[in-house]
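**Student:** Protein sequences, first through last, are from chains D and Y. What the first sequence shows, in our numbering, is residues 1 to 319, in sequence order. What the second sequence shows, in our numbering, is residues 1001 to 1319, in sequence order.
These are calculated hints, taken from the structure and not from any lab test. The beta carbon of each residue, even a glycine, is placed where N, CA and C say it ideally should be. Hints may contain errors.
Said to hold, decoys possible - Partial list, computed: chain Y residues near chain D (C-beta under 8 angstroms):
(1) Ile1110
(2) His1134
(3) Pro1196
(4) Ile1199
(5) Thr1202
(6) Ala1235
(7) Gly1237
(8) Ala1245
(9) Lys1260
(10) Val1263
(11) Ile1271
(12) Leu1274
(13) Met1277
There are 2 protein chains.
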Amino acid sequence: MDSMKKPFFNKVAVLGLGLIGSSLCLLIKQEGLAGTIAGNARSQATLDTALEIGFIDSAHSSPTDAVEDADLIVLATPVGANKKIAKAICQSLKPGAIITDVGSVKVAVIRDVAPYLPKEVHFVPGHPVAGTEHSGPTSGFPELFANRYCILTPPEETDPKSVALVRALWETAGSIVEIMDAAHHDRVLAITSHLPHLIAYTIVGTASDLEGQLRNKKTSNSPEEKTEEVIKFSAGGFRDFTRIAASDPIMWRDIFLNNKDAVLELLGRFIEDLTAMQRAIRWEEGETLESTFRRRRQIRRDIIEMGQAGSFNPNETEG
Amino acid sequence: MDSMKKPFFNKVAVLGLGLIGSSLCLLIKQEGLAGTIAGNARSQATLDTALEIGFIDSAHSSPTDAVEDADLIVLATPVGANKKIAKAICQSLKPGAIITDVGSVKVAVIRDVAPYLPKEVHFVPGHPVAGTEHSGPTSGFPELFANRYCILTPPEETDPKSVALVRALWETAGSIVEIMDAAHHDRVLAITSHLPHLIAYTIVGTASDLEGQLRNKKTSNSPEEKTEEVIKFSAGGFRDFTRIAASDPIMWRDIFLNNKDAVLELLGRFIEDLTAMQRAIRWEEGETLESTFRRRRQIRRDIIEMGQAGSFNPNETEG
Chain D
1 MDSMKKPFFN KVAVLGLGLI GSSLCLLIKQ EGLAGTIAGN ARSQATLDTA
51 LEIGFIDSAH SSPTDAVEDA DLIVLATPVG ANKKIAKAIC QSLKPGAIIT
101 DVGSVKVAVI RDVAPYLPKE VHFVPGHPVA GTEHSGPTSG FPELFANRYC
151 ILTPPEETDP KSVALVRALW ETAGSIVEIM DAAHHDRVLA ITSHLPHLIA
201 YTIVGTASDL EGQLRNKKTS NSPEEKTEEV IKFSAGGFRD FTRIAASDPI
251 MWRDIFLNNK DAVLELLGRF IEDLTAMQRA IRWEEGETLE STFRRRRQIR
301 RDIIEMGQAG SFNPNETEG
Chain Y
1001 MDSMKKPFFN KVAVLGLGLI GSSLCLLIKQ EGLAGTIAGN ARSQATLDTA
1051 LEIGFIDSAH SSPTDAVEDA DLIVLATPVG ANKKIAKAIC QSLKPGAIIT
1101 DVGSVKVAVI RDVAPYLPKE VHFVPGHPVA GTEHSGPTSG FPELFANRYC
1151 ILTPPEETDP KSVALVRALW ETAGSIVEIM DAAHHDRVLA ITSHLPHLIA
1201 YTIVGTASDL EGQLRNKKTS NSPEEKTEEV IKFSAGGFRD FTRIAASDPI
1251 MWRDIFLNNK DAVLELLGRF IEDLTAMQRA IRWEEGETLE STFRRRRQIR
1301 RDIIEMGQAG SFNPNETEG
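So here's chain D without its partners, still in its complex pose (with noise of 0.2 angstroms):
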């Protein structure tokens, strides 16, 4: 953290309490960082369990009233909802409010959110690049973001101070922060983050599909059999897949649909390297295989060095 002091909102409003909204209210309370954290969410259950928690104050099904009077609003619904949400809380904004968002797409946010809002409101686009395999209001812990980038999205003629207060709230949770140009940040999440994903969704049923036709062959084939060897043998390799492949399929959904350019793009970039090491081996060319393989070891030497392999959470994967 830098040597700013601690921010301070009098009412915060969090739209959408799954596992970043509630690992951030849990670290605004820790840190009393606000008056009050008005909570939104669809689901009345979700509502329910905030309250009991204790993460927020008042419980809002309507992100419009849970906006009144905010300093700082956060979206921390799946990037699809953005569009609708800004429509519909546009008009209820405080003149010098601060809006910003956790959503793993950058461009996107920014096309659905920020034509709606009046001049007065500072837009901060965000992304904590944090997560674990678990979603909901009762995944979240304020030591989420310890130790994890944030990176920030701002329009060049965005508000100085408001970037400040953004970039101090995220330094108040222990991130390290960092400024990009949401293009950027985009191409650059898509390989580290979105490709890794699909390609984790896609082996996970490649694989599973596999072991209900190695199944039927032995003509026991109930569901529970299914995929028991792939499981069973998963500490190979495959168990790391499983892992990522268990992130929320609704937040996953709209980054694939948000950031379908740069996804694209990296998809074939990979799928062209996938085949020329699919012809290395239908061809026998170990030469080509071992030195690859050597190549890129030495990149995750680098991660380790750079500190980015370790991680306090065991069961971190979302971004």
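Fit chain Y to the supplied structure of chain D, relying on the hints for placement.
**Tutor:** Then chain Y, alone, in the frame of chain D:
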């Protein structure tokens, strides 16, 4: 571990003193399962290290010397070396000796080793599904195999007593032993281990190449900075892939060359499945994406239920 008492061998010869070989030696020492352990490695430095750590009693640069009078011979070199070693040692094996291996492919091992063995030597192919991202004689630890599966693939005519002894050895190591057909093993491991590793190696390269390009555009392209952003934001999912891609390059080259058919078949299926996802993203088929992700998440939950999710060793990866 079953009720059988600990197996004991007057002399064990371990050929190959990397992660698996050294861990097995340490386990044998710890549990007092052998009178002496003869170690073989190609590099004198490895032999010196092994003697210094003390997990072997005698060091041999020739596998033929190491196996003399041994009751149990463990092939723990990369699987591509098996044929040459089998040819070299076949005249020096003691009648009644048991030979086993720890290779990640089993059809090729049987193909490469079995033809050279005298009738009175018993071959029990094996595969401990355990590993870490580290390699070499200093990376071993006796707990590596605890609570991990170990798959034995003895051909039908194999001496049952020899199979029971090898089973007892792995059970003493804390492993859960499964007997399986070699071809079935190779197919199951192709999806649970070999394909995940190939994908991980590939995406790490795709990411690294992209990073190089992004940097070029910024006209900053020192090698140190090349992978900077990919590494920084690796917590978003990419990190799990780099961990898998840190495995030993020669070991993995040999696995792909020696399980070529199963890997190519599954790679074909995976690319088909990935292409279907690509298409769903391109055509913005949100429901397809969501329902697919939802089904895949269930598989992770099955893994957790089966108790295969946790790991006493957070670096575990190989297979």
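**Student:** Decide, hint by hint, whether the structure agrees.
**Tutor:** Do the hints match the structure? See the list:
{"no.": "1", "hint": "Ile1110", "in the structure": "violated, 19 angstroms"}
{"no.": "2", "hint": "His1134", "in the structure": "violated, 11 angstroms"}
{"no.": "3", "hint": "Pro1196", "in the structure": "holds, 4 angstroms"}
{"no.": "4", "hint": "Ile1199", "in the structure": "holds, 6 angstroms"}
{"no.": "5", "hint": "Thr1202", "in the structure": "holds, 5 angstroms"}
{"no.": "6", "hint": "Ala1235", "in the structure": "holds, 6 angstroms"}
{"no.": "7", "hint": "Gly1237", "in the structure": "holds, 4 angstroms"}
{"no.": "8", "hint": "Ala1245", "in the structure": "holds, 5 angstroms"}
{"no.": "9", "hint": "Lys1260", "in the structure": "holds, 6 angstroms"}
{"no.": "10", "hint": "Val1263", "in the structure": "holds, 6 angstroms"}
{"no.": "11", "hint": "Ile1271", "in the structure": "holds, 7 angstroms"}
{"no.": "12", "hint": "Leu1274", "in the structure": "holds, 5 angstroms"}
{"no.": "13", "hint": "Met1277", "in the structure": "holds, 5 angstroms"}
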